[in-house]
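Residue numbers (my numbering), protein chains in the order written: chain A, 126 to 530; chain B, 126 to 530.
Source of the hints: derived by calculation from the structure; they are not laboratory data. A portion of the hints provided could be inaccurate.
For identical chains, the list gives no copy identity; a pair is met inside one copy or between any two copies.
In silico DSSO-like pairs for lysine-lysine, Cα to Cα no more than 30 Å straight-line [stated by the list, open to error]:
#, residue 1, residue 2
1, K248, K206
2, K321, K347
3, K347, K248
Number of protein chains: 2
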Amino acid sequence: MGSGKILVAQGGGPTAVINQSLVGVVLEARRFRNVERIYGARYGVRGIINEDFVDLTQETSHNLELVANTPSSALGSTRDKPDVKYCQEIFEVLRAHEIEHFFYIGGNDSSDTVRIVSLEAQKAGYPLRCIHIPKTIDNDLVGNDHTPGFPSAARFVTQAFAGANLDNASLPGVYVGVVMGRHAGFLTAASALGRKFPEDGPHLIYLPERTVSLDSFLADVKGVHDRLGRCVIAVSEGARDASGAPMASRLVKNLEHDAHGNVQLSGNGALADLLCEEIKSALKIKRVRGDTFGYLQRSFIGCVSDVDQREAREVGEKAVQFAMWGDTDGSVAIKRTGAYSVGYELLPLDAVAGKTRVMEDEFISASGTDITDAFRNYLRPLLGSGMPDAFRLRFSPVAKVRNTA
Amino acid sequence: MGSGKILVAQGGGPTAVINQSLVGVVLEARRFRNVERIYGARYGVRGIINEDFVDLTQETSHNLELVANTPSSALGSTRDKPDVKYCQEIFEVLRAHEIEHFFYIGGNDSSDTVRIVSLEAQKAGYPLRCIHIPKTIDNDLVGNDHTPGFPSAARFVTQAFAGANLDNASLPGVYVGVVMGRHAGFLTAASALGRKFPEDGPHLIYLPERTVSLDSFLADVKGVHDRLGRCVIAVSEGARDASGAPMASRLVKNLEHDAHGNVQLSGNGALADLLCEEIKSALKIKRVRGDTFGYLQRSFIGCVSDVDQREAREVGEKAVQFAMWGDTDGSVAIKRTGAYSVGYELLPLDAVAGKTRVMEDEFISASGTDITDAFRNYLRPLLGSGMPDAFRLRFSPVAKVRNTA
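The following block holds chain A by itself, in its conformation from the complex:
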């Protein structure tokens, strides 16, 4: 082949392991003698348009390993959602730099960008190999058992609810934790893995895959609180009311829209606050607290799944191998091959791009406010090793001597 130039970029929201995939690409590409230069684009596709490239061939393998273990996109990212014209511009820059392999690490929107760029190259008869590398904490890419980044975010959510449950058991009341996930409830559902004892929370889980009226929400909360004297609730930011609209979109005054036309659901505490107000006023419960996990759940340093790290590295490596040994563009996908083991496939870009996976029905309980054992079995191995565990005292009551009535 010609130039031997590779370009890699990172798109969308950061994850705890997105740099593993980047480093997987770089280190694997170094093994191929025909690869002369490995460029990185800063700030995703915007960096391509701006020709903001760095030469990753001139980075030490030692520092690359350290960066691999650092969360958030080391090259920078962007929320730009390229349309066809934008993708044509991307292609023109790639051609001008004689790039022969384009690797883009990202979610649904990023896979669609790769798809359009791939089409442009084909139309122009330019030999460009385009590979999409999966990444999203939302776990909403079709064709994948799960996506890199999700297991570590799920681990954060699991650990957060395990702690919130202990806090709530110690100082009883109602606790609402709002979790990211616009359309897919996987991350919110991960809250259930924090449970250990039968009375542990979250006692109620509200997913975007099901609708709930405010009245029925309040009845659910009252039921748990009457029974246990406390209630821990996990709510997806994308939880929908009876009409199917996001509850947050009715509650928040000035809704911000991003470049993808999506309502901005994260970055504020409005949904948690409003649900807490409703619970206080309707149920007359005094101690009601809400937390919005926000950016902590995707960027917290020091809460990462080792399984996620390994797989994120491998999808980067496999992307290069598919590009070098294969002859088609595509999207790398994780397939579960055992309990627990994975393999990797290259899916057609059409099969992944712009599609959204949501939680399968078998993962959601009949009540719609809990998860099933199938989901527990699905998620548990992804959380990785060294999960912290909660224990409690086994109480031996002492007889009263004063209030013995």
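We have chain A already, so just place chain B on it with the hints.
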């Protein structure tokens, strides 16, 4: 002595290591032959009034060790703030059960409860040894180098801001993180320990120990954003405006007051949301996000300082030793004896009870929006071992070929 009965209870907000202190009391007390029974009161002082006691003598040492590593109060806690009458009732219950040693793990309010109960016992001529065991993530107990629970919460805040900074660097904008701490800024100040590179955030830190007008806040943010194209801000929930009032108290409509007469600052996202709105509207910055760390910072399971664990265990052990070998009531205090090493003293209850420590001036920069090296040196050893570290690529720019103008 007579009955050989000990009572231990936990008060106030949970911490990641409060059960270490509980277990320290129980296991150390088992070494004394004159101790016949070790009772625990469920839900703090309320459990004493209700005679809701459990017999910790009938708990295995193995399970106690597991509970020690579990965050949040294993016996349960309370927000009740006892007045003199309440404390007299506590004393009457202790006397009725022939309790001879009373250990209460908690913060300022708890130490005041111990002080009053101690006085009641003296007035009645009843031989009761009363020891307060320090605990608070706010680090606001006087007479202590620091308090158990603070180091682990500080570690969470440090790690959270290290991650938030990476996220913000990847997708530039303004990020506001609101941290607990009504009067003392120690926990908010811990955010600075997440910085590594000169441009890292938090770029601005707002502590309750200093006041700031909204105009000056906005000017600070604009200055950083103009310089770096982004800005990460740490704000204490107790941050005060120019009049000295908590900013949150002006912003939040229906302010809740707790039994201590304190305005409820935690448990909602109002302060972060309002500051974000102000930044958006006044500075015309598009990407502005706010997180309120809320209960995550005090109860997250799996983010704990090993130094904190060790010291929390030791204050429990020392409490029993002071009670058994000494002849005064008091509050166990941590003193720094080396870099890094600590010792323990028993302070008079009067010296600690109801007093609030705030950040020393030497810990706050002249600007009022940053911390000093003295604070960095003070906090670093408390965070413990195995702190995650962030690395970045060393960029080698590639020459442009198209936009070469």
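Hint-by-hint comparison with the structure:
{"no.": "1", "hint": "K248 - K206", "verdict": "within (21 Å within a copy, 75 Å between copies)"}
{"no.": "2", "hint": "K321 - K347", "verdict": "within (22 Å within a copy, 47 Å between copies)"}
{"no.": "3", "hint": "K347 - K248", "verdict": "neither (61 Å within a copy, 46 Å between copies)"}
Violation of the numbered hints given earlier is confined to hint 3; every other hint is satisfied by the structure.
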